[in-house]
Amino acid sequence: GQLVESGGGLVQPGGSLRLSCAASGFTFSDYEMHWVRQVTGKGLEWVSAVGRAGDTYYAGSVKGRFTTSRENAKNSLYLQMTSLRVGDTAVYYCVREETTSSAGGFDIWGQGTMVTVSS
Amino acid sequence: QSVLTQPPSVSGAPGQRVTISCTGSSSNIGAGYDIHWYQQVLGTAPKLLIYGNNNRPSGVPDRFSGSKSGTSASLAISGLQFEDEADYYCQSYDSSLSGRVFGGGTKLTVL
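So the sequence lines, in the order shown, correspond to chains P and D. Position 39 of the first sequence, counting from 1, maps to 39 under my numbering, and the rest follow consecutively. Position 21 of the second sequence, counting from 1, maps to 21 under my numbering, and the rest follow consecutively.
This is chain P alone, in the form it adopts within the complex (with noise of 0.2 Å):
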């Protein structure tokens, strides 16, 4: 299987910038899937979920700025985000969950994409 991620670039603090990711390889609709973040040169934050049937899960950092949505003949996730602020900046990584238990690894990754929020 494959994600790729696009979508990213530079906004300026206050905006919105809409991320996409494409899956391929596999049965997209079986699989929960994730947004995951990373500051460069820091460590993996958790962003969002979506459940098989619709259902979002967000961080606390990012819940009422971000909607994560799927669309499943599409085969495509996609993370709406508002009202963005500087430490929103971060490489934007889409993500499937493996499904041998409920709260599955994320085995398959996307190259991810950069978010940059700066004036």
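Keep in mind the hints are simulated off the structure, nothing from the lab. Be aware that a few hints might be false.
[Said to hold, decoys possible] If you want the ones that stay clear, here's a sample from chain P, every Cβ over 12 Å from chain D, calculated:
no., residue
1, Ser6
2, Arg65
3, Thr89
4, Val117
[Claimed, not checked] Derived DSSO-like pairs: lysine-lysine, alpha-carbon spacing no greater than 27 Å straight-line:
no., chain 1, residue 1, chain 2, residue 2
5, P, Lys42, P, Lys63
6, D, Lys47, P, Lys42
7, P, Lys74, D, Lys107
8, P, Lys63, D, Lys107
9, P, Lys63, P, Lys74
10, D, Lys47, D, Lys107
[Stated by the list, open to error] What follows is a set of in silico ranges between Cβ atoms, one per label pair, in the way DEER data are often shown:
no., chain 1, residue 1, chain 2, residue 2, range
11, D, Ser78, P, Val86, 36 to 46 Å
12, P, Lys74, D, Glu85, 31 to 41 Å
13, P, Gly64, D, Ser9, 29 to 39 Å
14, D, Gly30, P, Gly64, 27 to 37 Å
15, P, Thr99, D, Ala31, 32 to 42 Å
16, D, Arg63, P, Ser119, 46 to 56 Å
17, P, Thr40, D, Thr5, 36 to 46 Å
Where is the CB? At the ideal position from N, CA and C, for every residue including glycine.
Use these hints to put chain D onto chain P, whose structure you have.
Frame of chain P, contents of chain D only:
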């Protein structure tokens, strides 16, 4: 401050064995949620190394092993090789936060 605590760095000589600890609490590891480990080589995306506490995905050498006890978990790497030099992260689910959590990461240096 990460919910899961890892040492910032560990090191070892080629052929040696090293362990990386991951300490959590009663709302994550101690609650029985699985621990997963990732390896991230500089400039690349993370790679799943261990899932479900002690399972290796296809292609991961058996030099890598995981364990879990109480509110802590460990990743062991035996027969260290220069190619093992990378950052390693543990990850689980936290019921208090209702979300996934990562450790702060551990940089492994092969001397």
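To see whether the hints hold, each was checked on the structure:
For Ser6 of chain P, the requirement that its beta carbon stay farther than 12 Å from each beta carbon of chain D is met, with the minimum near 15 Å. With a least beta-carbon separation of about 15 Å from chain D, Arg65 of chain P lies farther than 12 Å from that chain, consistent with its non-interface assignment. No Cβ of chain D approaches the Cβ of Thr89 of chain P within 12 Å, the least distance being about 18 Å, so the stated non-interface status holds. With 12 Å as the threshold on Cβ separation, the claim that Val117 of chain P sits away from chain D holds: the shortest Cβ distance comes to roughly 21 Å.
A distance of roughly 21 Å separates the Cα atoms of Lys42 of chain P and Lys63 of chain P; the hinted pair therefore holds under the 27 Å criterion. Proposed proximity of Lys47 of chain D and Lys42 of chain P is supported: the alpha carbons are some 16 Å apart, at most 27 Å. For a cut-off of 27 Å, the pair hint linking Lys74 of chain P to Lys107 of chain D is broken: about 38 Å separates their Cα positions. With a C-alpha separation of about 30 Å, the suggested pair Lys63 of chain P and Lys107 of chain D falls outside the 27 Å cut-off, and the hint is violated.
Between the alpha carbons of Lys63 of chain P and Lys74 of chain P the distance comes to roughly 25 Å, so the proposed pair stays at or under 27 Å and holds. A C-alpha spacing of about 15 Å is found between Lys47 of chain D and Lys107 of chain D, which places the hinted pair at or below 27 Å, so the restraint holds. Here the CB-CB span from Ser78 of chain D to Val86 of chain P is close to 43 Å, well matched to the stated 36 to 46 Å. A hinted range of 31 to 41 Å holds for the C-beta pair Lys74 of chain P and Glu85 of chain D, which are about 39 Å apart.
For Gly64 of chain P and Ser9 of chain D, the hinted distance range of 29 to 39 Å is satisfied, since their beta carbons lie about 36 Å from each other. Against the hinted window of 27 to 37 Å, the Cβ-Cβ separation of Gly30 of chain D and Gly64 of chain P comes to about 30 Å, which satisfies the hint. The given range of 32 to 42 Å is broken by Thr99 of chain P and Ala31 of chain D, whose C-beta atoms sit roughly 20 Å from each other. Our hint of 46 to 56 Å for Arg63 of chain D and Ser119 of chain P holds, since their Cβ atoms are close to 48 Å apart.
Separation of Thr40 of chain P from Thr5 of chain D is about 22 Å and departs from the stated range, judged on CB atoms against 36 to 46 Å.
Hints 7, 8, 15 and 17, counting from the list given before, are not met by this structure.
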